[in-house]
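Enquirer: Knowing the structure of chain A, use the given hints to seat chains B, C, D, E and F on it.
Residue numbers (UniProt numbering), protein chains in the order written: chain A, 1 to 340; chain B, 1 to 340; chain C, 1 to 340; chain D, 1 to 340; chain E, 1 to 340; chain F, 1 to 340.
Hints listed in this document are in silico derivations from the structure and should not be mistaken for laboratory results.
None of the values given here were measured: they were computed from a predicted structure.
Be careful, since some hints might not be right.
All copies of an identical chain are treated as equivalent in the list; a pair is satisfied when it fits inside any one copy or across any two copies.
To be verified - Straight-line distance between alpha carbons at most 30 Å, and here's what the computed BS3-like set of lysine-lysine pairs gives:
| # | residue 1 | residue 2 |
| --- | --- | --- |
| 1 | LYS190 | LYS211 |
| 2 | LYS87 | LYS129 |
| 3 | LYS252 | LYS107 |
| 4 | LYS183 | LYS87 |
| 5 | LYS252 | LYS226 |
Protein chains: 6
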Amino acid sequence: MKNSAQHKKIVSFGEVLMRLSPAENRKLPQAKTMDFYFGGTEMNVAASLAYFGEKTQQVTNVSNDLVGDAAIAAMRQFGIDVSAVNKVDHPLGLYFLEVGSGLRASKIAYNRLHGSFANITPQSVNWEKVLDDAGFLHWTGITPAISESAYQTLKEGLQVAKEKGIAITADPAYRSNLWQYGKDGHEILKELVGMSTIFIGGVNEINEILKTDFDFSKEGFIAASKALLEACPSIEKVFDKIRDGVSASWQKIYGRAWTGSEYIETQQLEITNVVDRIGTGDAYAAGLIYGLIHFDDQQALNFANAACALKHTILGDANLVSPEEVLEVIQGSTGGRIKR
Amino acid sequence: MKNSAQHKKIVSFGEVLMRLSPAENRKLPQAKTMDFYFGGTEMNVAASLAYFGEKTQQVTNVSNDLVGDAAIAAMRQFGIDVSAVNKVDHPLGLYFLEVGSGLRASKIAYNRLHGSFANITPQSVNWEKVLDDAGFLHWTGITPAISESAYQTLKEGLQVAKEKGIAITADPAYRSNLWQYGKDGHEILKELVGMSTIFIGGVNEINEILKTDFDFSKEGFIAASKALLEACPSIEKVFDKIRDGVSASWQKIYGRAWTGSEYIETQQLEITNVVDRIGTGDAYAAGLIYGLIHFDDQQALNFANAACALKHTILGDANLVSPEEVLEVIQGSTGGRIKR
Amino acid sequence: MKNSAQHKKIVSFGEVLMRLSPAENRKLPQAKTMDFYFGGTEMNVAASLAYFGEKTQQVTNVSNDLVGDAAIAAMRQFGIDVSAVNKVDHPLGLYFLEVGSGLRASKIAYNRLHGSFANITPQSVNWEKVLDDAGFLHWTGITPAISESAYQTLKEGLQVAKEKGIAITADPAYRSNLWQYGKDGHEILKELVGMSTIFIGGVNEINEILKTDFDFSKEGFIAASKALLEACPSIEKVFDKIRDGVSASWQKIYGRAWTGSEYIETQQLEITNVVDRIGTGDAYAAGLIYGLIHFDDQQALNFANAACALKHTILGDANLVSPEEVLEVIQGSTGGRIKR
Amino acid sequence: MKNSAQHKKIVSFGEVLMRLSPAENRKLPQAKTMDFYFGGTEMNVAASLAYFGEKTQQVTNVSNDLVGDAAIAAMRQFGIDVSAVNKVDHPLGLYFLEVGSGLRASKIAYNRLHGSFANITPQSVNWEKVLDDAGFLHWTGITPAISESAYQTLKEGLQVAKEKGIAITADPAYRSNLWQYGKDGHEILKELVGMSTIFIGGVNEINEILKTDFDFSKEGFIAASKALLEACPSIEKVFDKIRDGVSASWQKIYGRAWTGSEYIETQQLEITNVVDRIGTGDAYAAGLIYGLIHFDDQQALNFANAACALKHTILGDANLVSPEEVLEVIQGSTGGRIKR
Amino acid sequence: MKNSAQHKKIVSFGEVLMRLSPAENRKLPQAKTMDFYFGGTEMNVAASLAYFGEKTQQVTNVSNDLVGDAAIAAMRQFGIDVSAVNKVDHPLGLYFLEVGSGLRASKIAYNRLHGSFANITPQSVNWEKVLDDAGFLHWTGITPAISESAYQTLKEGLQVAKEKGIAITADPAYRSNLWQYGKDGHEILKELVGMSTIFIGGVNEINEILKTDFDFSKEGFIAASKALLEACPSIEKVFDKIRDGVSASWQKIYGRAWTGSEYIETQQLEITNVVDRIGTGDAYAAGLIYGLIHFDDQQALNFANAACALKHTILGDANLVSPEEVLEVIQGSTGGRIKR
Amino acid sequence: MKNSAQHKKIVSFGEVLMRLSPAENRKLPQAKTMDFYFGGTEMNVAASLAYFGEKTQQVTNVSNDLVGDAAIAAMRQFGIDVSAVNKVDHPLGLYFLEVGSGLRASKIAYNRLHGSFANITPQSVNWEKVLDDAGFLHWTGITPAISESAYQTLKEGLQVAKEKGIAITADPAYRSNLWQYGKDGHEILKELVGMSTIFIGGVNEINEILKTDFDFSKEGFIAASKALLEACPSIEKVFDKIRDGVSASWQKIYGRAWTGSEYIETQQLEITNVVDRIGTGDAYAAGLIYGLIHFDDQQALNFANAACALKHTILGDANLVSPEEVLEVIQGSTGGRIKR
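Chain A on its own, in the form it takes in the complex (with noise of 0.2 Å):
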């Protein structure tokens, strides 16, 4: 696939939420103040490549209000394609963050199931329009959980990318705490995933989306991607990403892939001093797309992999980092030299 879709857009569909933070380590009645980001977990990956110097769109739908004008001027801040977004009359998803330390955890307190973007629908998108020059197109499990309008939205923008021949990455992650409009989760991401390319997770999004029961040895996950490019045949090729945490402090991460004919995998990075958890994941996602446009599959995974790792370095939920940060860290430069 390298180089195949360069100088081609990368469209990404999903909610752009608000986030808020107490400062430092604070708990929300500590302060007096909070910082605030957008994010969320498709924009994040676009953001992400538009740092990496990539064509990006976003389709989403925004608040018709002072908050949603922010979050429009906060993408177009990112470098990305505002075009195919909606302004609609109900407020703009957020969420607040007590950020954890060493062996606290961090919290999350949700606030997006009434949100704008909740309330898409496939009317208001025009994906044959958004999809005509696009190179990918990428979605999470997030999105169909958020409302069964945002599912059909996101089937058929599917569809179409797949009647286009556009590269198709699924993140299928499944969360248990949203779905709250009546249909049931895993059914709907293994049809999506059925309509997709590239499947970003591991052993226990296959897992959840098969009813299997894979371990996460090597072995396993071997044997559990094996069996999703038998279940869904559009799917190429699983890229994972194996996290140690020993503290929210400290992190360690590797990547690791089936190809569809061989596996590989990453060298651990080691985060000892993480500044910023959120979007991690993203981060891997964007780093991933960026690898199959212009390496192979294993500088790819590498990428992704240091992606990651950098974007623990980096506040708010997008990786702020260019393409020459990535490949230093590949490269071994992690020693922290100021650059004059």
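Expert: Same frame as chain A, now just chains B, C, D, E and F:
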């Protein structure tokens, strides 16, 4: 009514909102942090009365998450009894504020119509217990506009209060952009005012409820008040304030009232460097309730007006001043001499 | 000229500066942090017009480092087209501002004469392409004062614009502490005004350019305008604003113009609590351009003056208001009523 | 003792201090603002227990000014009963903290020896009433060191508690730079420990009080504990924690205890990115009291140690964590997985 | 006196205080951080004079801890000679300020009566050496009110200064809430004024010292001044300022003086958007001393009044303006034109 | 050399820079404010030595504007003599810093090559006077790289110092991205080292100057040092530090030296939670100079290494620690015990 309710608690029923606002006069895209406060028109009244030294209790729902916990902590900090606050699995209502200045108006964007308070039900409030030792019950026109169940819960509270002979203060402002659940707001406000004893509002509010057309002159106010007392016999007195806005930063206010038998008014107070306009009406209501407990009608009106004026100098939604500070303003001490 | 250029983009040429300022009214030794904004007199015009909904493009150089990247991101956030921005190996220009208050004036210290824009060259701008679909080209007297190559680059742009029949707005303020490269600023400004169509300035600027001595009365202004139109026949109209500074915190402004055939003026607007004085002239220029596109001369002047007044309430260099907000001020809505 | 005191309140007696600290790791001359928190070793215990859901009451003096009002509001926010807090005409005690990092130690400067608490008198506390429905009374070695009248007030409280059979937790750390009123601190601490039931401390504290010379080994600790129980027969159990400080930012802790009949200890917990070291001992004490109420001795010790570890991740003096968070750490969930 | 003392240093004797204040107009419970400044009425005079370019020296005690070190660093930053500052084992005095606005007054809470300066002794100051090359010694009525030893130390300094023929400026404001060590403040102030040469104060201060009852008219002021010069023959001139406080945010001031032979006064200056009211009297005193050195009495009074007016626009306790800025205000440049 | 120069001042010559940096680990587009500090490699040495209690003087140019005034105030605050600082009409040099973390490196963008220091000339420094009572003159490789006139000014200073027998410490790091005025940096550095007495640097710096190729082993270092002493006979000793960067947040350092007759080294110190990496080399130099004055070579090296380690925990460019804190680290007190 002087002193009759002293030592009895004041119960306030309504939504607690988080307010989020960029510091200074920033527009949202100019900010990376927001100040936040907990407010809500009825809770502001309770908070101000608690600062005046009264016993107050808030009846409300908050979210069952870190935001709801912080809202409860904020009420406790104000000194409000939170034993009748329920935690439910819906997000706390909130609003965003861009603070205007001079000839630029402030802007607000709400996120409240599917929040924890909108989901309050009559079953969740034990009005008999809550009102057992109460001297006042305070409500505003916001509450019945949020949702039908909020309206029903309020109505039940007013009935219990009426049976117990508790003074009921009504601040029935009509907000047209609420009232989305299909009922006629004017009708419902009239019904609820018909169960109350003190009317906090003026010609505008009376015209809305009675569908009359009184003018804003002194005479118009007196005629409107008389019409209201005729249409809603439980109402004993009408307390109004007149605002003259030179700009967002420069406001003039005075109070006027129909006591049932005579017209009274206060001197005009001028605030040339407004710090925060939000909650000034609630400060008036709190000042009025305090005044009705401790003073005669004229001094109660003076107290309400001076409390309202002082709120323009206090950040946040609630009026954090002492009775002594209000009385000093009434006595003309407005020159800004430092208190050491 | 009403509506003629609608839908065509407005091109702005000039330096993008970082502004650094201690918060509140602090002096620099009283601060440990500074607020920063990206501005620059011409870019401020582009930003304001982008907020008005117009297509705008900035032609400039920025530094090839993290500061230049942030400048580009800031322009993207405003909604300005940055495709004609070059990155060069010279630092971005910047200035420090200590914000005055009341009878204390603000102070500015510049660092711009060896920056990225001072090193712009005619070779680095493809004026033919940039101006291909433009309706307006905007320049100010700052640009030719920075460096000889900046002057040459501007001159070339004006020639191309003239050939294409594009409206050229000139804001030729003379700043004596610039102009350090050995040329007579007055001569150069006269040459460049002679290539322009709209003159934004008044008696002072005309006297500087024509070396005349008109007084500041209405009659003086009319006479000066006529003299300018005679000396520079390409100039069609003269738009001026008159400022009466009570103090750094209290300003009064009104606009006046010579339309080529008649004298018009606006009401005076008063800003009693100035938030930010910087960029108010640029807000006037942006309002004027918007007005010339959408309205007749009188309303264009009203719009320019009200936009200028509103800028006094906005932090930073650019005027982040909507056309609706400007129109409301023109219609007299200046009392600071909150917009919910 | 398991569950025996459940539902009874815990009374804490001691000074409430304002802590003032430059943000981040700044030295004071590098700062223009300071963060502030209200703390005090005994109040920290009450605050933590309130967060655990227990009823707590603080007995103390605060200043009769705006600072004392804020201290009361802070205690209310924590959920502490403030009905036994007196306001007196002496300033609130306070301390300044420069936060260390890595191999640089934190520094504290106190201003407390003439403050409102130093002026507390036995006459101002109604111990009979305060302790009427109490299950625990908590004190530390700071209180009798502040002033003779503070010592006398404490002693009277211990006598009343003893008569009522209330459990008395003693945290008798000796601080040599206090004790300026002319008494032998070791003697007084021994006297007060002799009136208590639970000893929170270890070999060091026992050696200070008994003027013995036990070593820090497990055997030394057991021997010291036995010696203490012999010298102070009211003491039933000894709970200690062992800290291994790699640096100001990296700490290891475990708990050990002599239950009167056996030696128990916990696993060691490691905090690699310390957020705030202050109040970790108080978090241990609060965890212990909670554990003694709800669990057996081993689990109480586990709870105390895990609560102490978690406090290292919380800003400010008080340990704002829930019992669920503590239990999760005991169960080994320390990898920093986000709670959504 | 014009120019006579030029190039000689001005010595200021008094307490250095840390001021702690929530930002904006927050009340303390609304804040989590406080701004801080180092001030103190006499040090403010030294700081302002240092900014005017004069050599100044502060004689004082500070705490022997991190706070005292920061106080010394602050004085060094102002440019004040700190070689006569002693470090003692008592905490630095401090005060808390809640900043008022409009009709709400500012509030101050002090913590100074057991601080490092209250413990100053005559033995710790080598007045002979300090005053060796001094032209002025400045004192205020705060110092003798703090403690008896502070009073004795001041008295000794005045005696030495008198012997050396140094000009002594007295600002003998009487603060009733100080003076807690058992002496009659009015008597002591009269004694000390009797050793001084320049009286900074007016009818109020003279009435307090002489126990007279002059009124506040021009005639009353002249009569009071004459009475003072008769009672205290060392006093040569009396310099007063008259404040008209519209509100905490809007102040008007003018100066008046009795030169020994004639009455003079200044124009009134108006500050409509007060930034900081603290230290405005000290700015007047510093301006006066500078004026007495460099100008005649009328211009000295003008300078004092304009310096005082400018201080209202400067955050913190000290007046950080240049002589040029003061002279511009005297010359009528108060319109807020930006200085580039 | 022990104690020989005690009580003599240390003169430092070089540029004072403003450092501007988004707080926390933010990227510039994520920030609206920046922290700022005054630094500069040579001034950092002076500041650290002033904090150690030494008399220090900075010879430099600053801008003749509000920024230059603030730079002077910052130096005064550190306690540095500023009487040889000139103000010139060129902007102060500055740099922007994005602070890295973990495996992400920090990034710096400079704006200094046309600043006030680049315009320094030999005529503007009175070296005879400045060096009259000096014990040390300190310079680094940055200064001769800025501009030819800066190089000439430095050279003249070294000549005067040499004549006076003053110890000259050279920190001749070669920065390739400076040196834009057309001279061979290696040649010039060799010339200037040839005039110095103490070499602060290691194999890398020696190889650059001598164009040799020694390796980094202990043996390589000794051989390189001997070669340097042969090539530059005025050099008496070589002091090096070895850094092992685990990541931007985790560093290990130790010192080694060739004393002219023997090899010495220190233990390795580890900083696991780096607060600020900038200026750590300058802290080493300052520690070394202090050590050379007060201790023997081994302890001087220990002191330099421990000072360097402590700087990693201090924000800003200068090492604000006391000699006591450094000695405690040398003695092994690195466990973070709070100093009360």
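Enquirer: State for each hint whether it applies.
Expert: Here's how the hints hold up against the structure:
In the homo-oligomer, the alpha carbons of LYS190 and LYS211 lie at most 30 Å apart inside one protomer (10 Å), although the nearest pairing across protomers, at 58 Å, exceeds that limit. In this assembly of identical chains, the alpha carbons of LYS87 and LYS129 lie at most 30 Å apart only when taken from the same copy (18 Å versus 33 Å across copies). For a Cα distance limit of 30 Å, the shortest separation of LYS252 from LYS107 qualifies both inside one copy, at 21 Å, and across copies, at 24 Å. Within a single copy, LYS183 and LYS87 get their C-alpha atoms as close as 27 Å, and across copies as close as 27 Å, so both meet the 30 Å cut-off.
For the homomeric pair LYS252 and LYS226, the shortest alpha-carbon distance inside one copy (26 Å) is at most 30 Å, but the shortest distance between copies (45 Å) is not.
The structure fails none of the hints (numbered hints given earlier).
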